[in-house]
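J.: The primary structure of each chain is shown beneath.
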Amino acid sequence: MNALKQLFGGSLRQFGMLFVMVALAIFFHLLTGGLVITPTNLMNLLNGNSYILVLAIGMVMVIIIGHIDLSVGSVAAFVGIVVAITMRDWGIPWWVAFLLGLALGALCGAWQGFWVAYMGIPGFIVTLAGYMFFRGANQWVGKSLTVPVPTTFQYLGAGYLPEWGANTGMNNSTLLLGLASIAVLVWMQLSQRRALAKIGADVPPMSVTVTRLILVTIVIGYLTWMFGTGRPGSSFPVPGLILAALVILYSYITSRTIFGRHIYAVGGNRLAAELSGVNTRRTYFLVMMNMAMLSAFAGMMFVGRANASGPFDGVGWELDAIAAVFIGGAAVSGGVGTVVGSLIGGLVMAVLNNGLQLMSAGSDATQMIKGLVLLAAVALDVWQKSQNKPSITGLLFPSRKKEPGETPAPVTTTTSS
Amino acid sequence: MLDHTDAILEMKDIVKEFPGVRALDGVSLRVRRGEIHAICGENGAGKSTLMKVLSGVHPHGTYRGEIILEGKPAKFSNIRDSEGAGIVIIHQELALIPELSITENIFLGNEVRGRGGIDWLTARKRAKELMVRVGLHDDPDSQIKNLGVGKQQLVEIAKAISKNVSLLILDEPTAALNESDSAHLLDLIREFKSHGMTCIMISHKLNEIAAIADSITIIRDGHSVETINVPEGERVDEDRLIRGMVGRPLTSRFPEHTSNPGEVLLEVKDWTIRHPEVSERLVCKGSTFQIRRGEIVGFAGLMGAGRTELARSLFGRSYGRYVKGSMLLHGKEVSPKNVEQAIELGLAYVTEDRKVLGLNLLDAIRTTVVSADLPRISPRGVVDRNAEHVAAEKYRRELRIKTPSVNEGVMKLSGGNQQKVVVAKWLFTEPELLILDEPTRGIDVGAKYEMYGIMNSLAAAGKAIMMISSELPELLGTCDRIYTVSAGLITGCVDAKDATQEGLMRLMTLVPTNTTTAA
Numbered sequence: 041m042n043a044l045k046q047l048f049g050g051s052l053r054q055f056g057m058l059f060v061m062v063a064l065a066i067f068f069h070l071l072t073g074g075l076v077i078t079p080t081n082l083m084n085l086l087n088g089n090s091y092i093l094v095l096a097i098g099m100v101m102v103i104i105i106g107h108i109d110l111s112v113g114s115v116a117a118f119v120g121i122v123v124a125i126t127m128r129d130w131g132i133p134w135w136v137a138f139l140l141g142l143a144l145g146a147l148c149g150a151w152q153g154f155w156v157a158y159m160g161i162p163g164f165i166v167t168l169a170g171y172m173f174f175r176g177a178n179q180w181v182g183k184s185l186t187v188p189v190p191t192t193f194q195y196l197g198a199g200y201l202p203e204w205g206a207n208t209g210m211n212n213s214t215l216l217l218g219l220a221s222i223a224v225l226v227w228m229q230l231s232q233r234r235a236l237a238k239i240g241a242d243v244p245p246m247s248v249t250v251t252r253l254i255l256v257t258i259v260i261g262y263l264t265w266m267f268g269t270g271r272p273g274s275s276f277p278v279p280g281l282i283l284a285a286l287v288i289l290y291s292y293i294t295s296r297t298i299f300g301r302h303i304y305a306v307g308g309n310r311l312a313a314e315l316s317g318v319n320t321r322r323t324y325f326l327v328m329m330n331m332a333m334l335s336a337f338a339g340m341m342f343v344g345r346a347n348a349s350g351p352f353d354g355v356g357w358e359l360d361a362i363a364a365v366f367i368g369g370a371a372v373s374g375g376v377g378t379v380v381g382s383l384i385g386g387l388v389m390a391v392l393n394n395g396l397q398l399m400s401a402g403s404d405a406t407q408m409i410k411g412l413v414l415l416a417a418v419a420l421d422v423w424q425k426s427q428n429k430p431s432i433t434g435l436l437f438p439s440r441k442k443e444p445g446e447t448p449a450p451v452t453t454t455t456s457s
Numbered sequence: 024m025l026d027h028t029d030a031i032l033e034m035k036d037i038v039k040e041f042p043g044v045r046a047l048d049g050v051s052l053r054v055r056r057g058e059i060h061a062i063c064g065e066n067g068a069g070k071s072t073l074m075k076v077l078s079g080v081h082p083h084g085t086y087r088g089e090i091i092l093e094g095k096p097a098k099f100s101n102i103r104d105s106e107g108a109g110i111v112i113i114h115q116e117l118a119l120i121p122e123l124s125i126t127e128n129i130f131l132g133n134e135v136r137g138r139g140g141i142d143w144l145t146a147r148k149r150a151k152e153l154m155v156r157v158g159l160h161d162d163p164d165s166q167i168k169n170l171g172v173g174k175q176q177l178v179e180i181a182k183a184i185s186k187n188v189s190l191l192i193l194d195e196p197t198a199a200l201n202e203s204d205s206a207h208l209l210d211l212i213r214e215f216k217s218h219g220m221t222c223i224m225i226s227h228k229l230n231e232i233a234a235i236a237d238s239i240t241i242i243r244d245g246h247s248v249e250t251i252n253v254p255e256g257e258r259v260d261e262d263r264l265i266r267g268m269v270g271r272p273l274t275s276r277f278p279e280h281t282s283n284p285g286e287v288l289l290e291v292k293d294w295t296i297r298h299p300e301v302s303e304r305l306v307c308k309g310s311t312f313q314i315r316r317g318e319i320v321g322f323a324g325l326m327g328a329g330r331t332e333l334a335r336s337l338f339g340r341s342y343g344r345y346v347k348g349s350m351l352l353h354g355k356e357v358s359p360k361n362v363e364q365a366i367e368l369g370l371a372y373v374t375e376d377r378k379v380l381g382l383n384l385l386d387a388i389r390t391t392v393v394s395a396d397l398p399r400i401s402p403r404g405v406v407d408r409n410a411e412h413v414a415a416e417k418y419r420r421e422l423r424i425k426t427p428s429v430n431e432g433v434m435k436l437s438g439g440n441q442q443k444v445v446v447a448k449w450l451f452t453e454p455e456l457l458i459l460d461e462p463t464r465g466i467d468v469g470a471k472y473e474m475y476g477i478m479n480s481l482a483a484a485g486k487a488i489m490m491i492s493s494e495l496p497e498l499l500g501t502c503d504r505i506y507t508v509s510a511g512l513i514t515g516c517v518d519a520k521d522a523t524q525e526g527l528m529r530l531m532t533l534v535p536t537n538t539t540t541a542a
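In order, the protein sequence lines correspond to chains A and B. Terminal number for the first sequence in this note's numbering: 457, no gaps in between. Terminal number for the second sequence in this note's numbering: 542, no gaps in between.
Pulled out of the complex, with its shape left as it was, chain A reads as follows:
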């Protein structure tokens, strides 16, 4: 347990969910006779879920500040139709349309953020209104019709990286991507060790770092091979790349910047944050606005994948995104949650969906099973917390005795007596 903790930097809960995800994938792989872990299926999995995962990134921030956003699907659909129509009627290039879409998303978000932050109306209400309003706006603008988009736009939602250079038996773009990520991770680990040593903090033993790097190399190497050896012309998909970039960007923002700290502070205790000089209104506003921008992004990725924008795009997305966030370990009361956790939560749902589909389970069974999994994941978390254990992984790897010198854990005895 201790070794694992060192290996994964203390974020054992996320590791636990990752474990669940891999176990699910292997389970379905075996059950379907080898249909799940194949290059084509993994690409489909990423292409077909990346827009939900993009939403989950924004949603976890909204949930951390103690609100919820029900409007994401409608905003995505509204932005999608506007972008599709402007490209058709004005003939603007795809990237101008894309920027226009983001700006429109920001505008929708500013509208909702204004009501939440400066008028003090709960996000649930504001975005329920937005859910209705923007759905209506989509159908009004598009006259309830489906509007196709030019092929250039499809790159966003279903594109692949180019093939070039010598024949390595793999897609060279994917290979380069894989090698580059391994190099960056090695460099990051080593420079972190140096930094820790410099300030005199505890540096993990070299063996731990090396083991960690070897494991990471194996995982990335395997994924590179998987995505690089698909049918000719395919590679690691563009939506997956966009998703990875956004996850890295937002992980950085939430964990390392002042703005990120303010999000957790406001969600953990708004009054204390205010008295520590945090501008809580601005934080609310920016988080709501950011969510709508990511909704716009997700909407455009979906339009690219579907080749068209329609009146029923984005229906039910908000609930999928919210489920991903809660499976990923966020708390309903706010203050808790991570971008990476939500990504993994969303992937668990995606693998489940995909596996059940490949087993040709009907949507009835799929829905029921997904519902139960959501409940089970959160219930297990709550139960683990009440048992004062470190959650899911605590079940998988029963804890040894406490490290010496550790403070007494139970909250009940330390608060007041």
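There's no promise every hint is true.
Okay, the calculated bits of chain B under chain A, using three or more residues with CB under 8 Å as the criterion [said to hold, decoys possible]:
#1 369-379
#2 403-410
Computed footprint of chain A on chain B, listed as stretches where at least three residues anywhere in the stretch have a Cβ under 8 Å from a Cβ of chain A [to be verified]:
#3 322-330
#4 382-393
Straight-line Cα separation of at most 30 Å, DSS-like style, residue types lysine-lysine; simulated pairs [as the list claims (entries may be wrong)]:
#5 B:K425 <-> A:K238
#6 B:K425 <-> B:K378
#7 A:K238 <-> B:K417
Since the hints were made in silico from the structure, they are not lab data. Quick reminder that beta carbons are idealized off the backbone N, C-alpha and C, glycines included.
We have chain A already, so just place chain B on it with the hints.
T.: Okay, now just chain B, sitting in the frame of chain A:
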């Protein structure tokens, strides 16, 4: 007279373990019928855990040892069981529903049934009777949120005695009350005793224990150290209690403080603030005062006198609406309009209620310490986590925060250590003026002593300290000067050396005339 042989309750060798810690390690308690039995001990000594064992919050089977009530072994599996046996506990954190009326709260979970639902007429009548017994003369239909803390506490007691109680347990009943409300509550407990009720009272306030208890059990580190039976008409020696609680004699409850005031740092003139909602009410009425460098200045007043409101309105107008008045730092007029600006000017405010206003309990120590001045360690908006670690370690050492690592969550810390983290958070902003609002509330004797030491060294380093406290001995023991506040008005300024509790109390209860409405 108390019968020494007739015990209503005996707890024998109670052992209660939590994962990784033994909270109770053989505590024994013997409570005689009809007495007021005080339990005292430092924070974390195990008092509340013991009461949770007794009231069935920790059910039978999760602890070892024996509970004998009225001569029979008691095995409670939940609170309902213990209430059925006549044990009612009133917790430190009041458990009332703010939106419901007094009547509804008193009978919550114990509703008066009539035909086809609750019999509100009878309930109201009985509530009225109970309220008379506790000396509460309000409308039984008024909502809890409109009552002060003192009256809320009385509602809790009315609720308790509505349950046919034979053993009443009060956990820190006066912690949030001012002196007059506390006195009323203690009178009430004495009156209950004269009617034959037995009370167990947990308290940090040793003078109250000395004034009221017939016997006292001292608990330290999960052991019962001793039980003192106080002979009728005598008072127990407070120093003896402190010795028992901390396990060593405290030569003085306050560290030696030599004052060395420098130039005037803060000067406030004619500071007038409106209530944020009720605009005709003034919470500060032309307050004028000054604080010098190196000086610890106390603000004494009853609850609701406007001390916290004054402090918070100075701290970036985080309370109320500004009417008029000026504020000078180093002789230069300033007007911080929000907390950010106040922090920039070198002001810091350690809030009175650390759990509600001071801390994000989900946060780690290291992130809390730097949270009030992130820009200082964040070039280009990115937090330098190494600088954060260094800062947190520095304050852990300097303030002696007891924790295995600064990566631990603040939730795990004891009250005294949590308070140190809050203080660290504000020291990190390198303030010139530190406002401390009830800095020692709810923390134990040892931690209080350390807190006074921290204040002294800050003053010695040339900082100015504005200290708000409801404990007069504390103000007299630590401050250089004390301002008294009554009904939003500063009614006096006395040198701490010449002041007495009685003198302060007179100034604190002075009700000025003709100043109740806005100018």
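J.: Hints first: check each against the structure and report whether it holds.
T.: Quick rundown of the hints versus the structure:
1. 369-379: Holds, because 3 residues of the region 369-379 of chain B bring their Cβ atoms closer than 8 Å to Cβ atoms of chain A.
2. 403-410: n = 5 at 8 Å, threshold three: holds.
3. 322-330: Answer violated; 0 residues pass the 8 Å Cβ test.
4. 382-393: Satisfied; 6 residues make the cut.
5. B:K425 <-> A:K238: Given that 30 Å is the threshold and the Cα spacing comes to 24 Å, the pair holds.
6. B:K425 <-> B:K378: holds (18 Å)
7. A:K238 <-> B:K417: OK: K238 (chain A) and K417 (chain B) at ~15 Å, within 30 Å.
Checked against the numbered hints given earlier, this structure breaks only hint 3.
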